[in-house]
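Student: Now for the letters of each chain:
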Amino acid sequence: MTTIAFDAPRPKTRFLLDRAELVGPLFIAPAIIYVFVLVALPFCLAIYYSVSAYTIFDPNYRFVGLKNFVDVTHSEIFRRTLVNTLVFTIGAQIIGLLLGKIGAMLLMQEFHGRGIARALVVLPWAVPISLATIAWLWMFDSLYSVINWTLIAAGLIDAANRPQWLGQEDLAMIAVVVVHAWRLFPFGVVIFLAGFTSVPQDVLDAATVDGAGFWRRNYQIILPIIAPIVLIALIFGTVFTFTDLSVVYLLTKGGPINSTQVLGTYAFQVGILSGDVAHGAAICLFLFPFLLIAVILLLRSLRRREI
Amino acid sequence: MLRLAKKLGGEAAFYAAVITLVVFAAFPFYWMLITTFKADGDLYNLKSTPYWFNTAPTLEHIKYLFSDTLFVQWLMNSALIGLCVVAITLLVALPAGYSLARMPGRGAETLGIGIFLTYLVPPTLLFLPLSRVVTQLGLQDSLWSLVVIYPTFTIPFCTWLLMGFFKSVPREIEEAAIVDGCTVMGAFVKTVLPLSLPAILTVVIFAFTLTMQEFVYALTFISSSEEKPVTLGVATDLIRGDVFYWGELMGAALIASIPVAIAYNLFLDRFIGGITGGAVK
Chain A
149 MTTIAFDAPR
159 PKTRFLLDRA
169 ELVGPLFIAP
179 AIIYVFVLVA
189 LPFCLAIYYS
199 VSAYTIFDPN
209 YRFVGLKNFV
219 DVTHSEIFRR
229 TLVNTLVFTI
239 GAQIIGLLLG
249 KIGAMLLMQE
259 FHGRGIARAL
269 VVLPWAVPIS
279 LATIAWLWMF
289 DSLYSVINWT
299 LIAAGLIDAA
309 NRPQWLGQED
319 LAMIAVVVVH
329 AWRLFPFGVV
339 IFLAGFTSVP
349 QDVLDAATVD
359 GAGFWRRNYQ
369 IILPIIAPIV
379 LIALIFGTVF
389 TFTDLSVVYL
399 LTKGGPINST
409 QVLGTYAFQV
419 GILSGDVAHG
429 AAICLFLFPF
439 LLIAVILLLR
449 SLRRREI
Chain B
3 MLRLAKKLGG
13 EAAFYAAVIT
23 LVVFAAFPFY
33 WMLITTFKAD
43 GDLYNLKSTP
53 YWFNTAPTLE
63 HIKYLFSDTL
73 FVQWLMNSAL
83 IGLCVVAITL
93 LVALPAGYSL
103 ARMPGRGAET
113 LGIGIFLTYL
123 VPPTLLFLPL
133 SRVVTQLGLQ
143 DSLWSLVVIY
153 PTFTIPFCTW
163 LLMGFFKSVP
173 REIEEAAIVD
183 GCTVMGAFVK
193 TVLPLSLPAI
203 LTVVIFAFTL
213 TMQEFVYALT
223 FISSSEEKPV
233 TLGVATDLIR
243 GDVFYWGELM
253 GAALIASIPV
263 AIAYNLFLDR
273 FIGGITGGAV
283 K
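Line by line, the protein sequences are chains A and B.
Under the numbering used here, the first sequence has 343 at position 195, and the numbering climbs by one with no breaks.
Under the numbering used here, the second sequence has 70 at position 68, and the numbering climbs by one with no breaks.
FYI, nobody ran anything at the bench for these hints, they're computed from the structure.
Think of the CB as a built atom: it goes at the ideal place given N, C-alpha and C, for glycine as much as any other residue.
Careful, some of the hints might be misleading.
[Claimed, not checked] Subject to a maximum C-alpha distance of 20 Å in a straight line, what follows is the list of computed SDA-like cross-link-like pairs (lysine to any residue):
hint, chain 1, residue 1, chain 2, residue 2
1, B, K49, A, L174
2, B, K49, A, S290
3, B, K192, B, L92
4, B, K65, B, I36
5, B, K192, A, S290
[As the list claims (entries may be wrong)] Partial list, computed: chain A residues near chain B (C-beta under 7 Å):
hint, residue
6, F175
7, V185
8, V187
9, L271
10, L352
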């Protein structure tokens with residue numbers, strides 16, 4: 149950051165003071181107020197709901213302490229939800245990052261049609277999530293699934309015994325993980341691409357001359373240089389996945405039998421569909437410790453960049 | 003790396019890998035396209051090859067979409083929401099980004115990061131309390147609720163983007179204007195804003211695409227069909243029980259996706275620059 153000599157005794161000082169002390173706060177106030185009123189306050193409201201007995205049918209703020217949290221943790225469905233959320237997040241992250249790295253390594257090369265290839269690869273991330281997910285809903289259709297058609301045509305599965313991608317517990321989880329990884333991996337591609345191009349070519353050349361092979365260059369030179377940016381991508385990707393409810397809601401609504409229920413969809417079901425705001429808020433707040441860790445990690449990586 | 007790829011299996015392997023990746027990424031969109039123009043008899047036929055037209059392509063689905071559904075209304079709703087959110091975002095984020103860029107000391111940096119971090123607060127954490135806030139404001143079931151709520155994520159992101167940009171504008175330009183008799187506000191409007199048009203354009207595009215990406219708030223706040231944005235209307239209202247609407251559904255998804263996809267691709271690099279906070283120089 150460039151610091152300008154504000155203390156320099158110049159005739160313009162009056163204006164600069166004017167700017168720093170009056171106009172500065174005035175300019176930034178609307179943003180802070182907006183974020184405070186519609187992010188910070190609702191967040192406090194969520195905490196407030198989570199320790200009350202508030203439902204949309206009986207809107208009162210009777211204080212019940214941690215009862216909602218205890219209720220929630222005792223529920224079988226919630227524990228399943230928690231495990232599902234972890235599987236969903238970690239699965240989608242690993243696949244997304246791997247494909248992102250491979251994709252970036254491919255798209256780094258010069259070849260005919262690279263521009264088009266990049267534009268097509270970015271599509272899953274660019275297109276509105278709900279619309280893209282609808283396409284997968286159709287591809288996973290119980291009867292007219294193109295995936296099943298292909299597998300049958302290839303002789304890999306039996307037509308009489310076609311898999312129900314969204315109707316079988318294990319397959320449904322695989323389906324939502326794959327769709328979310330599909331949506332996420334272009335983000336990984338562009339982040340890795342940005343990282344790779346930031347590695348100075350002369351450093352790579354020097355390493356090659358010194359006898360470093362492909363893997364050594366990859367892991368001992370490129371990876372450490374791009375680590376900060378990959379970390380930021382990882383934090384964002386994890387937060388987006390951990391808190392996502394669109395993909396799961398549109399594909400399975402958490403089913404079959406809660407096998408793909410994640411924190412987001414479960415909170416939606418309890419808090420909005422059943423109107424039990426208090427328990428819904430308690431479920432949402434289980435996201436918070438996790439978000440806090442993400443925020444701390446992000447802050448640290450941003451700080452490190454400064455130094 | 004290319005040298006190694008050549009050694010391992012030649013260019014063929016390289017292209018095969020690229021094609022596999024592109025097919026994985028883009029097949030669902032191809033599938034949208036082909037479904038949109040397929041006749042029902044062809045669409046719901048297990049025997050024929052699904053990848054291509056077995057009977058003549060049809061415009062039936064598109065016609066139905068525009069004449070017998072609320073699709074056009076939804077598109078207009080989305081446009082209205084997007085325009086209002088962009089306007090609010092610009093009004094709030096432009097001065098905020100400028101102020102952060104020019105504020106002395108580390109306080110500005112901390113404040114900037116603080117605002118940016120709210121971008122990480124997910125809708126999933128806030129949709130319950132916000133749904134009550136929206137009800138209290140009397141905006142439930144109205145697209146105006148989204149106009150009010152969407153700036154909560156566009157403002158932080160755009161403030162951050164603009165802050166980075168304003169830092170690159172030389173301070174001398176405004177100082178010269180001030181010496182020439184401009185007020186601070188006047189200097190900002192007359193000298194800095196005209197220089198910032200590319201950044202402003204980026205913010206417009208991003209605020210708009212971010213509103214198009216959002217789904218959770220729309221799902222939570224709005225239940226009447228007439229008020230829905232296109233991303234919600236298509237996903238919830240075109241699926242009706244056991245009746246097959248896949249042609250219409252895919253057509254709608256395709257039409258609504260195209261402008262967003264193009265905008266995103268054009269401004270992708272700036273978006274990445276924003277999210278990594280200039281970690282790549």
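Student: Given a cut of 7 Å on the nearest C-beta pair, is the interface hint for F175/A held or broken against chain B?
Tutor: Given a least distance of 4 Å, the restraint on F175/A holds.
Student: Regarding the pair K192/B and L92/B, is the alpha-carbon distance no greater than 20 Å?
Tutor: holds (16 Å)
Student: Checking hints one by one. Is L352/A an interface residue toward chain B, by the C-beta closer than 7 Å rule?
Tutor: Violated. Min distance 10 Å.
Student: Is the Cα-Cα distance between K192/B and S290/A 20 Å or less?
Tutor: violated (61 Å)
Student: Between the alpha carbons of K49/B and S290/A, is the straight-line distance 20 Å or under?
Tutor: At roughly 15 Å apart (the allowed maximum being 20 Å), S290/A and K49/B satisfy the hint.
Student: Checking hints one by one. Is L271/A an interface residue toward chain B, by the C-beta closer than 7 Å rule?
Tutor: holds (6 Å)
Student: Need the status of pair K49/B, L174/A: alpha-carbon distance at most 20 Å?
Tutor: violated (68 Å)
Student: Less than 7 Å between beta-carbons is the criterion; does V187/A satisfy it with respect to chain B?
Tutor: The hint holds - V187/A has a Cβ within 7 Å of chain B, the shortest such distance being about 5 Å.
Student: Would you check the hint for K65/B and I36/B, treating anything up to 20 Å between C-alpha atoms as holding?
Tutor: Holds: K65/B and I36/B sit about 16 Å apart, inside 20 Å.
Student: Quick check on the hint: V185/A CB to chain B CB, less than 7 Å?
Tutor: violated (9 Å)
Consistency note: the structure conflicts with the earlier hints numbered 1, 5, 7 and 10.
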